[in-house]
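Asker: Dock chains B, C and D against the given chain A, drawing on the hints supplied.
Residue numbers (my numbering), protein chains in the order written: chain A, 2 to 342; chain B, 2 to 342; chain C, 2 to 342; chain D, 2 to 342.
A hint or two may mislead.
Given that identical chains are not distinguished, each listed pair holds provided it fits within a single copy or across any two copies.
As the list claims (entries may be wrong) - Here are the simulated EDC-like cross-link-like pairs (lysine to aspartate or glutamate), alpha carbons at most 20 Å apart as the crow flies:
(1) Lys-270 x Asp-211
(2) Lys-116 x Glu-309
(3) Lys-116 x Glu-287
(4) Lys-114 x Asp-316
(5) Lys-136 x Glu-223
(6) Lys-116 x Glu-250
(7) Lys-116 x Asp-316
(8) Lys-116 x Asp-104
(9) Lys-270 x Glu-240
(10) Lys-114 x Asp-303
(11) Lys-114 x Glu-309
(12) Lys-136 x Glu-40
(13) Lys-270 x Glu-250
(14) Lys-270 x Glu-285
(15) Lys-136 x Glu-193
(16) Lys-136 x Asp-39
(17) Lys-116 x Glu-66
(18) Lys-114 x Glu-85
Honestly, the hints are just simulated from the structure, not real lab data.
Number of protein chains: 4
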Amino acid sequence: MSGTVGVAVVGAGFMGGVHAAVLTEDPRARVRWIVDLDERAGGQLAAQMDARATTRLSEALADDEVRLVVVSTPVTTHHPVALEAIAAGRHVLVEKPLVMRPDHARELVAAAKAKGVLLGFGGNFVHAPKFRRAKELVADRTALGTLHAVRVVYRTSGPDSEWPRNRALAGGGACTDIGWHAIELCSWLLGEPRIEAVTAATQNITGVGDVEEQGVMLLHFEGGAVGQCDVSWLCPGGEQLTVEVLGTEGRVSVDFWQGMGITAFTTNKFAEVWEPNQGWAFPEWEWIRNSGYVQQDRSFVDAIVNGEPLGRAADSAIPIVSALDAVYRSAAEGRKIEIHD
Amino acid sequence: MSGTVGVAVVGAGFMGGVHAAVLTEDPRARVRWIVDLDERAGGQLAAQMDARATTRLSEALADDEVRLVVVSTPVTTHHPVALEAIAAGRHVLVEKPLVMRPDHARELVAAAKAKGVLLGFGGNFVHAPKFRRAKELVADRTALGTLHAVRVVYRTSGPDSEWPRNRALAGGGACTDIGWHAIELCSWLLGEPRIEAVTAATQNITGVGDVEEQGVMLLHFEGGAVGQCDVSWLCPGGEQLTVEVLGTEGRVSVDFWQGMGITAFTTNKFAEVWEPNQGWAFPEWEWIRNSGYVQQDRSFVDAIVNGEPLGRAADSAIPIVSALDAVYRSAAEGRKIEIHD
Amino acid sequence: MSGTVGVAVVGAGFMGGVHAAVLTEDPRARVRWIVDLDERAGGQLAAQMDARATTRLSEALADDEVRLVVVSTPVTTHHPVALEAIAAGRHVLVEKPLVMRPDHARELVAAAKAKGVLLGFGGNFVHAPKFRRAKELVADRTALGTLHAVRVVYRTSGPDSEWPRNRALAGGGACTDIGWHAIELCSWLLGEPRIEAVTAATQNITGVGDVEEQGVMLLHFEGGAVGQCDVSWLCPGGEQLTVEVLGTEGRVSVDFWQGMGITAFTTNKFAEVWEPNQGWAFPEWEWIRNSGYVQQDRSFVDAIVNGEPLGRAADSAIPIVSALDAVYRSAAEGRKIEIHD
Amino acid sequence: MSGTVGVAVVGAGFMGGVHAAVLTEDPRARVRWIVDLDERAGGQLAAQMDARATTRLSEALADDEVRLVVVSTPVTTHHPVALEAIAAGRHVLVEKPLVMRPDHARELVAAAKAKGVLLGFGGNFVHAPKFRRAKELVADRTALGTLHAVRVVYRTSGPDSEWPRNRALAGGGACTDIGWHAIELCSWLLGEPRIEAVTAATQNITGVGDVEEQGVMLLHFEGGAVGQCDVSWLCPGGEQLTVEVLGTEGRVSVDFWQGMGITAFTTNKFAEVWEPNQGWAFPEWEWIRNSGYVQQDRSFVDAIVNGEPLGRAADSAIPIVSALDAVYRSAAEGRKIEIHD
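Isolated chain A, as found in the complex:
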């Protein structure tokens, strides 16, 4: 068995494609199989990834190089597909929702433990840099005080394919498809206290499909905090994913898509935020990367290592130097300065 992590992606839909693309870019991994009952979809994705396609999971599991199975099939198949991969001694990453039934979840976890394999699940937002930064801020209890409420609003204009509207395949509707993320974010941001009870209401407004299109879910956490999840597939105008965490001394808000930022307030002071860090604040995250320093320096090493010209060499700086030089002359002389380079 080589050091490279061989991967089988089961399900060639949207999320199967995302995982295949991400893992292909990881130098330690290699996508070897795309498994899909639809030969054409599987074949297309396999061709893009330089992998083999099959309609039978067992064929991929027969390949000893496969160490990781990614399950991105319709929801109601997650349980049997994951069980089969675990039984074959493979690590398994299941796209969200893990499964629809608590007993199925417990069964999978127990099976993975018994086999000594890793079992993960898709919950990308808890890995997203912005939410990780928000969680750090939330953990600053001097700034936030006692946390008492989290609200997640997640709304889209509906699923991309047809199967999520079909309960037999999808298990549920908007609460499952996007509500999973909302519940996970509430729980994770609060530090995963026990969810003691839930109150919820769901609606299918348009009559299309047999699952709910919107839902409101109240999560009653141990210790008294409340989580509110407001999810909908009926939101024209682009995705909306906003999260607010309220404490007795402050708040942290994230607008994930349309504002792409974090705002925060404290009656005290944030420990790890740049100015302003009192009152309202606008915390940065991954600033060295987001500011381009990582990309800038790596592009320079790229050019050295690959022997290619710099994408942005100092020639580009000459007009800026000339302009800056003209700036000072214009300011000093009170007139427009022509540049004749």
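Answerer: Chains B, C and D only, in chain A's frame:
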């Protein structure tokens, strides 16, 4: 000479530290020397980077493994330091501003060409994911029409150290320190048309230091577009860096720090933007990374490769499955559902 | 009985003061009595309003000039006070919440009808220009489509006085104090369909007082639309009152305090909104007043009628004319133009 | 001469219509004449206002009841029209720009003084409630410190009619049409210090008309503060009018159209702002009116005085009382409560 790119960082201040940190994380590079006249500052940074410290550039240049010299000294020393490194046949990355005089800029570029080395300059924002995304949008001329104006507002509460207020070391004030970025962004976003003339006005308001604390710079580009740069060191409340590009058919705006987002408008349609892509739009960037998919899948490979437990294993999913299960029961039964796992 | 509407304000607290101030500025009304059990509070407000103070409502009701009684006492006294005023044949405006019990509400309405007097209640937000404008937009069903959800978030940092935390005086906590507004806004924005059912959860987090400090209320409206009201007294950082109305074709959002604006989206077109009126839009309201035209022209008539100098006479325009004149000369000559007036 | 202020409106275009509408609603004024060379336009507006139309100003000036002349003709006619009205002893309100030449401005001011009549000019934004509130905040020098910069960005998608693109009628282009407001706002917000010099640049981008379509104007104020005015007719996506005032200790920003709000920052504390009044703040303005209290109470007096039913009588409160009652029962019992009224 090994395959690794040996690096000498000249100047152990804030930006020297940033470059050293970034290059240390690049597996293809290795920081070997920190050069600084201040032995204590140089020694501290060198210790952090597991590098050697020296007060003389010539000592670092005597090391054959050094292939890249990063110049992050006070501005007025950029020219001699870079010339020395080029003369020694090293690739050179000079922190912005490259130099203060157009003839110096041309001399450095010519020297690097003659020696066959790469000469780059610090202009991190043109590498920043958000601005690169903005540039793609700006390049969509169906959506934007003819570009006629760019405005960059860049304001801070002043430099971190004292030397930028001293003309003998810094060359200039706010127009140099942060105005360089503003000029570069204007030019780069428009596709680098020639800057034909400049009109500018600068002020020192507080009387501290001998350089300008704020400035307004008008850039007259070939073809008629206008760039406006409004820079200031007198901005309480956190850094402000906002960029607007105006075309006859649309606009693109970036709020870099406090909003962390892009907004855009078109009377037509953006080619590469998700819904909504007509009228006002909120374009995403690096969405696979920003949404956490890259991090999620890499953390899984990390666990496999390192033989460590998963940071976020399926156990964490059990309460979410239970909660979601309770959601559907609560919605169906119209009552609060207790969870007893 | 004169043409002027004589007023008795019962309750000299915060809201009593607001009503007294507003009615004093209405030329058709005159505040004659302030009624409060607290002689000092009543006396102070009465002195400001040039009215008389009493501790007994009956004394004010013995004044034939009193045609309107404003009830702004603690909640649990609304019912008896309003009944007494109605019985005395007076028009009555009761601060919100009207009363706490549905049978009390019906009794008051019936009593007022029997007596032929007007009975109103405080619900200021449905009179607020911004929400009235939002309601017009919501009524544009071409732009919004079928309405399916309204969400009101109303959060403060708690009541100004002590009695709202005392159930015996206040009837309830945050759901009563500010939740009343939230329920009214949901209902009114949807066109007052019948509320068929309610699901709610409330919490007292800090242990202060004997009423709830936050609550989530789901309103199930006839026809399927859902109202969500999220109210809290535990919100540091300033009041938050945001309202969203979602339809199948568009959305309307109001940020009442911190943004002071309306945003809207439609997949179609708004009939009565200025450009842009497709996609995302930013509708104006009371624009002639908000733009200052009403105030400007009235100040001119004021000056004529009162024989006083104009607050902003043409002298103020001379420097602007000179500056504009210099603008054109500067633009033409490419230099800074000194003004020597 | 009656107590009513008779008005002649000269110019039946957009702004003539606005002034006629505003003055018609002022009970102390009465629009008696619409003067326009275009008989049809003048006749239409006159009919709406129940006024007489004429093509000759002299005819309106022969009417002794006319005490106020509003001049809203194309710019280059302001000077002779205003002079004629002043010579006839009438108060005069001239739409902006007052005139294009400094000597004309001085001549008009002197003529009005000599005749003892009021001479005003249109500058509606300095009367706008939001800007008046911003000016109060700016005047709080504890919060703002020394003011050093004001920036006004005012952009539209161009004038509504054709004459503003014609220098012979309009005097100038975007700098005149909307730049007037920008200059006035800069000056007024700073407390009208002398404008010592101006630097400006203007462009006509599209080739339509013979005036500038955009301009940047720098105003150098006595004492060192700088005003920047960025005006354009080439702005798709709706009007943009944003104003920023920067001081050494804080900032005040107004987004007039698309955000409709004020934000402010101070390193100290604002004297007259509600919580939060330190750090970033979101100051309210005209809150009693904007919150609807004025409208609510006046509508009640309206109903009493006019003997009509209340627009919003207590009947509307019954479902809210029932819902609130159900809220408490639902929260207590942990289930959905049906309402059967």
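Asker: Are the hints correct? Go through all of them and say.
Answerer: Against the structure, the hints:
For the identical chains of this complex, Lys-270 and Asp-211 are neighbours neither inside a copy (49 Å) nor across copies (31 Å), given an alpha-carbon limit of 20 Å. In this homomeric assembly, Lys-116 and Glu-309 come within 20 Å of each other (Cα to Cα) only across copies, at 15 Å, whereas the closest approach inside a single copy is 49 Å. With identical chains, the CA atoms of Lys-116 and Glu-287 are never at most 20 Å apart, being 37 Å at best within one copy and 37 Å at best between copies. Proximity of Lys-114 and Asp-316 under a CA criterion of 20 Å is satisfied inter-copy only: 10 Å between copies versus 59 Å inside one chain copy.
Within a single copy, Lys-136 and Glu-223 get their C-alpha atoms as close as 19 Å, which meets the 20 Å cut-off; across copies the closest is 40 Å, which misses it. Taking the shortest Cα distances, Lys-116 and Glu-250 never come within 20 Å of each other, neither inside one copy (46 Å) nor across copies (51 Å). For a Cα distance limit of 20 Å, the shortest separation of Lys-116 from Asp-316 across copies, 15 Å, qualifies, whereas the shortest one inside one copy, 60 Å, does not. When the C-alpha separation of Lys-116 and Asp-104 is checked against a cutoff of 20 Å, the pair qualifies only within one copy, where the shortest distance is 18 Å, while the shortest distance between copies is 65 Å.
Proximity of Lys-270 to Glu-240 under the C-alpha cut-off of 20 Å is restricted to the inter-copy arrangement: shortest distance 18 Å between copies versus 32 Å within a copy. Taking identical chains as interchangeable, the C-alpha atoms of Lys-114 and Asp-303 lie at most 20 Å apart only when they sit on different chains, with a minimum of 18 Å there against 43 Å within one chain. Taking identical chains as interchangeable, the C-alpha atoms of Lys-114 and Glu-309 lie at most 20 Å apart only when they sit on different chains, with a minimum of 14 Å there against 49 Å within one chain. Taking CA atoms no more than 20 Å apart as the test, Lys-136 paired with Glu-40 passes in neither setting, with 42 Å inside one copy and 39 Å between copies.
When the C-alpha separation of Lys-270 and Glu-250 is checked against a cutoff of 20 Å, the pair qualifies both within a copy, at 10 Å, and between copies, at 19 Å. Taking the closest pair of Cα atoms, Lys-270 and Glu-285 come within 20 Å of each other only inside a single copy of the chain (16 Å); across copies the shortest separation is 25 Å, beyond that limit. For a Cα distance limit of 20 Å, the shortest separation of Lys-136 from Glu-193 inside one copy, 12 Å, qualifies, whereas the shortest one across copies, 40 Å, does not. Taking identical chains as interchangeable, the C-alpha atoms of Lys-136 and Asp-39 are never at most 20 Å apart, the minima being 40 Å within one chain and 39 Å between chains.
With identical chains, the CA atoms of Lys-116 and Glu-66 are at most 20 Å apart within one copy only, with a shortest distance of 18 Å there and 49 Å across copies. Within a single copy, Lys-114 and Glu-85 get their C-alpha atoms as close as 14 Å, which meets the 20 Å cut-off; across copies the closest is 61 Å, which misses it.
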